[in-house]
Each structure stands twice: as C-alpha cells, then as structure tokens.
Amino acid sequence: MIEVDHLSKRYGPFTAVDDVSFRVESGQILGFLGPNGAGKTTTMRIITGYMPATSGKATVAGYDVFEQPLEAKRRTGYLPETPPLYPDMTVREYLTFVAKIKGLRSHIKDRVGEVMKRTWVADMADRHCAKLSKGYKQRVGLAQAIIHNPDVLVLDEPTAGLDPKQIIETRQLIRELAGTHTIIISTHILPEVAQTCQRVVIINKGRVVAVDSPENLTHRLQGAATVVVQTDGPASEAEAALRHVQGVTGVTRSEPQGPLATFEVDTEKGVDVRRELAAAIVTRGWGLTELRPMRMSLEDIFLSVITDESAVASPAAATEQEVANA
Amino acid sequence: MRNVLAIAGKELRGYFASPIGYVLVGFYALLFGWFFYTLVAFFERQSMQMMAGQGGSLNVNQMLVTPLLMNATVIMLLVFPLITMRTYAEEKRSGTIELLLTSPITDLEIILGKFLGALALFAAMLAVTLVHMAVLFMFGTPEWKPIATGYLGLLLMGGSFLSLGLFISSLTRNQIVAGMITFSVFLLLWVINWVSTFVGPTAQTILNYLSITEHFDDFAKGIIDTKHVVYYLSFIAMGLFLTMKSVDSERWRG
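If you read the protein sequences in the order shown, they are chains E and U.
If you count the first sequence from 1, position 217 lands on 217 in my numbering, and the numbers rise without skipping.
If you count the second sequence from 1, position 104 lands on 104 in my numbering, and the numbers rise without skipping.
If you are wondering where the hints come from, they were derived from the structure by calculation, not from laboratory data.
Backbone N, C-alpha and C fix where the C-beta goes; we use that ideal spot for every residue, glycine too.
You may find that some hints are simply not true.
To be verified - Heads up, incomplete: computed chain E residues facing chain U, CB under 10 Å, no partners named: (1) Pro-52; (2) Glu-176; (3) Ala-178.
Claimed, not checked - Here are the computed lysine to aspartate or glutamate pairs in the EDC-like style, where the Cα-Cα straight-line distance is at most 20 Å: (4) U/Lys-92 x E/Glu-81; (5) U/Lys-92 x U/Asp-248; (6) U/Lys-92 x U/Glu-250; (7) E/Lys-117 x E/Glu-176; (8) E/Lys-131 x E/Glu-176; (9) U/Lys-245 x U/Asp-107; (10) E/Lys-57 x E/Asp-19; (11) U/Lys-245 x E/Glu-81; (12) E/Lys-57 x U/Asp-248; (13) E/Lys-134 x E/Asp-123; (14) U/Lys-92 x E/Asp-88; (15) E/Lys-109 x E/Glu-93; (16) E/Lys-109 x E/Asp-126; (17) E/Lys-269 x E/Glu-215; (18) E/Lys-131 x U/Glu-90.
Whenever a hint applies, use it, and build me the whole structure from the sequences.
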C-alpha cells in the first residue's frame, strides 16, 4: 500500500534522509522509530506530499506522490507533529472545512458528526480550537486525518502530550482503524510500538538500521542471555563460584542493596545455564534468593541499534547487521 | 473552483471570527467618513461662495467624488499590509500550511482562494462606503458612471496590492517582517514617479507606467482605459505567479 524506494532528502550539505526503503502492506500498522532528529518527520512529509524528495520515490496506493500528487493525497490522511488547527474555528467548522478541501462533496455534515464521535471530540464540537486542551487538539488532529476515509494514515507522534488514559484510548483507536486503513506512526516511545505495530522500522541519522516485527526484533537481538542471580552468600566468593560455571562469559556485580549480593551473569548464546548457576550457589550452602533471566527490552534494543560504532563489540550490535540485511 | 471557494470562505471567516475583520472594516469606514465629511464641508463652502458670486454650480463628481476616491487609496496603502501580512506567514507559523499542502488541492487553488478571500474583505470595506455615496445621491445629482468606474479602479488597485502582499507574506513566517516589507514596497510603488521630472524622458515614461497610483487617476475621472485595466490585471497575475513560485520553492527547501 505504501512503498518507499531509496528515498533521500538533502538540505544543502546536510542529509536528513539517506536512502530509506521500506514497504507497508495493506491494513498493517508500521511503527517508525527513532530518536528526535532521525529523519522521521522528513520521511513522513515526503510520503504525504508536503515536500519532494531529493532522490528516490514514494508511492501511496499505487500513485507516485510526486508524479500524481492529487491522487496520492486524496488517499492519504496526515496528522503532523503539531495538529494543524485554525484557532479561530470551532471544531465543527474546522472539520467541515477540512472535509471540503479533502474532496468530500456530499454528506459532509454526517461525516463530520461521525468522525467527531469516533475520536471522542463530539462534546467539544462548538468550542474554538484555540480553547481545547492538548489532548483534544491531538484528537481533532486525528479526526482531521481520517475525515475523508483515506486508505493510508500517516501519524506523526499521535500520542505526544496526551495523558495516560488518552494514550490508551488513542492507541485503541489506531488499532481499530488498522483494519480498513494502512497506518504509519512515528514515535520515540517504545512501548507504543510494541503495543500497536506489526512492523517496526528503526531509523537513525536518516538511515534505516532495522526493519522487523517487534517480537522478532526482541528475539533476534536477544543474542546472549543475561541472568540475574541474587544470593545471601559472601559476595566475592559467590562471584568466583558463578564464574566457574560452564557457559558463563562474564559476571558483573550490581550495586549492593542491603545484605544480599546481586549479579548479572552473561552467558553464551543458546545455552541455558540457570540450573548450573542455582547448583553453584546452593551446593555451597548459600541461599538463592533470586534467579531470573533478564529479557532485553525494546528500549535496550533501540539503544543498542542506534548507538553506532561504540556498540559494535556488543552482542546486540553484532546481530544488527543481520537484521538490517534481512 | 470548489476548492478555491472553500479556501476563500475559510479566509473570510478567519477575518471575521477574530476582531481583525471588524476592526479593518470599522476603521476604514471611520477614515473614509472623515474624508467624506471634510470634502463635503469644503464643497459646501465653495458652492455657497459660487452662488453668492456669479451663480452657477460646481461639479460634485469633480470636486468631491474624485478627491474622495483618491484619499481612499491612501487608506489602502496603510491598511493592506495588515490584511496580507498574515495570509501565509500565519499558516506557516501555526503549521496549518501542512494541512493545506497535503490536501488534494493545487497551490494555485490555495493562492486564488486566499486572494479572493482578501479581496472579499476589501469589497466589504468598500461596501460600507457606499452609504456615503447614497447620501450624495439623496442631496445632490452626481453622475453615477464616474463613481462606478472609481470603485472598479479601487478594486483593481486593491487586487494589485493584495497579490503583491500575498507574495511578500509567502516569503516569511514572521508577520511583522511581512507587514513592514509590504508597506515599504507599496509606498515605493506609490512614489516611484516622484523623480520622473528629474530623469530622462524614457525613464520618465517607464516610472510613470510603473507607478500604481498613476493608473488610478483615469478611473477616478470616470474613464476606463484598457491600458490601465491591463496594467492592474497583469500586476495581479504577476503577484499570484510569484506567490506560486515562492510556495513551490519553499516546498523544495523544506
């Protein structure tokens, strides 16, 4: 439904987007992940036809956004980072205006009512946009994006600035929309991606560094596992004992809290040494108070993926190449 | 065309949803009214003297309507930068330009819509002044044709200023910068032929032709000369064309 093909955008000597390619299948939600300034907004602006690319191309529903901009725009709904509201208009007036310029010709009134209900802004229908709270502004922005029932939705940080309840509601709404729309959402909030998206594109400094599903990404980047071990035994002896277990590649002692000693034990990839670790502690007569595998959270993956050269030695970064090539 | 009207309607509603529209129309009426009053008072004294002297009467059109419309153009010079300075600058600042540029409408439709919206506001300002003309018809017998051509001239000259102001507004996201540049350029076009007496005959012709007020004189006297109509229409076309180019280049530069 959306195809981005070797897209680049340069501003003079500065490259904002560098050879970005990805595709989104019909009905999918794609998460566009990256730190601030990574090129997310620029890519989205190119897809929505706000600005042309320096090279490469993007198509929406089969229409090239540069060659056939009107056709592509008719099928695209876009929520920019700041909702593009006119402060002097009421919500109803605003949505009516947007419906007109998005090409709706009949039943505008019904459609506006329907969309306001769907995005929970109906109770603010006659209030001026300037007087809305941040959460309502964001939702009116969302209403504006879906008013012409586009095939493709491009949402730039749709949950930014919302309170936790609104975030949950907005994510719910986005998931509901996914069936009939193809969606790209950008964010730098990781749980959002894990909860709403089927695919993730991680972008950093204008380049795509990883494309995969959130689960796969977690799985693939897991690499070597880390196990947390806590014991009431003497710290240095326990550390030595853990080090001697077969398959352990490193032991780091965490900041001691109270009388118990906590270690993070790095192990070889694909080897489960929990049984041996437990034995190493227990056979020496110490108490094993905690033993749990430490899962790499999406945060860790994200950080390891976007931290370039310096992280090459780390196991997570080693698999990064693999993912990027996949 | 529907898109153009949608944008024009949005613009016009924008003026009147805020105090801007009312202040502009109101104070335009106030200034116009003051000019009207002074001219009528002057005209009255003159005709009294005439009657006391050799009898006969003065021409209302020549003595009153023409100078009044000339004065009206001065108000335009001061007020129009205020109308146009926000048209693009404000959309850029608030980010609503992203909505317009990602909607299935062309740049030309957006620009024409904005132009017509501003022109409609100016028409509203002019409509209020028709009250004064009605007063003239109630108490005197002015000719209606020079008045009609005068208003046509005002609309054409207004359109020229608006298209130029629109262009300048599209260059910046700062309203004050847009306003100041617009005012300066208007004023320059206004006084550009002041030096025409010192320069050579060729330059004089050119400068006179460029002067935006020079072309208005005939309209105020009741003459519609194609030369002047063409001047204003091509001025408007150029302003809108430049705006289009500016919006397009902004797109590429991001």
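Going down the list of hints, with the structure as the test:
This hint holds: E/Pro-52 has a C-beta 6 Å from the nearest C-beta of chain U, less than the 10 Å allowed. Against a cut-off of 10 Å between C-beta atoms, the interface hint on E/Glu-176 is violated, since the closest Cβ of chain U lies about 23 Å away. Look at E/Ala-178: its Cβ only gets to about 21 Å from chain U, farther than 10 Å, so that hint breaks. Between the alpha carbons of U/Lys-92 and E/Glu-81 the distance comes to roughly 14 Å, so the proposed pair stays at or under 20 Å and holds.
Restraint check for U/Lys-92 and U/Asp-248: satisfied, since their Cα atoms lie roughly 14 Å apart, inside the 20 Å limit. The straight-line distance between the Cα atoms of U/Lys-92 and U/Glu-250 is roughly 11 Å, inside the 20 Å bound, and the hint therefore holds. Restraint check: the Cα-Cα separation between E/Lys-117 and E/Glu-176 comes to about 14 Å, which is no more than 20 Å; the hinted pair holds. With a C-alpha separation of about 28 Å, the suggested pairing of E/Lys-131 with E/Glu-176 is violated against the 20 Å cut-off.
Restraint check for U/Lys-245 and U/Asp-107: satisfied, since their Cα atoms lie roughly 9 Å apart, inside the 20 Å limit. Between E/Lys-57 and E/Asp-19, the direct Cα distance comes to roughly 10 Å. Compliance with the 20 Å bound is thereby established for this hinted pair. For the hint pairing U/Lys-245 with E/Glu-81, the CA-to-CA distance comes to about 26 Å; that exceeds 20 Å, so the pair is violated. The suggested pairing of E/Lys-57 with U/Asp-248 holds, with an alpha-carbon distance near 18 Å, which does not exceed 20 Å.
Of the pairs offered as hints, the one joining E/Lys-134 and E/Asp-123 holds, with about 15 Å between alpha carbons and a cut-off of 20 Å not exceeded. Distance check on the hinted pair: U/Lys-92 and E/Asp-88 sit about 16 Å apart at the alpha-carbon level, within 20 Å; holds. A threshold of 20 Å between alpha carbons decides the hint, and for E/Lys-109 with E/Glu-93 the separation of about 10 Å falls inside it, so the pair holds. With a CA separation close to 14 Å, the supplied pair E/Lys-109 and E/Asp-126 stays within the 20 Å bound.
The suggested pairing of E/Lys-269 with E/Glu-215 holds, with an alpha-carbon distance near 18 Å, which does not exceed 20 Å. Taking the CA atoms of E/Lys-131 and U/Glu-90, the gap is near 18 Å; set against the 20 Å cutoff, the hint holds.
In this structure, the hints that do not hold are numbers 2, 3, 8 and 11, in rising order.
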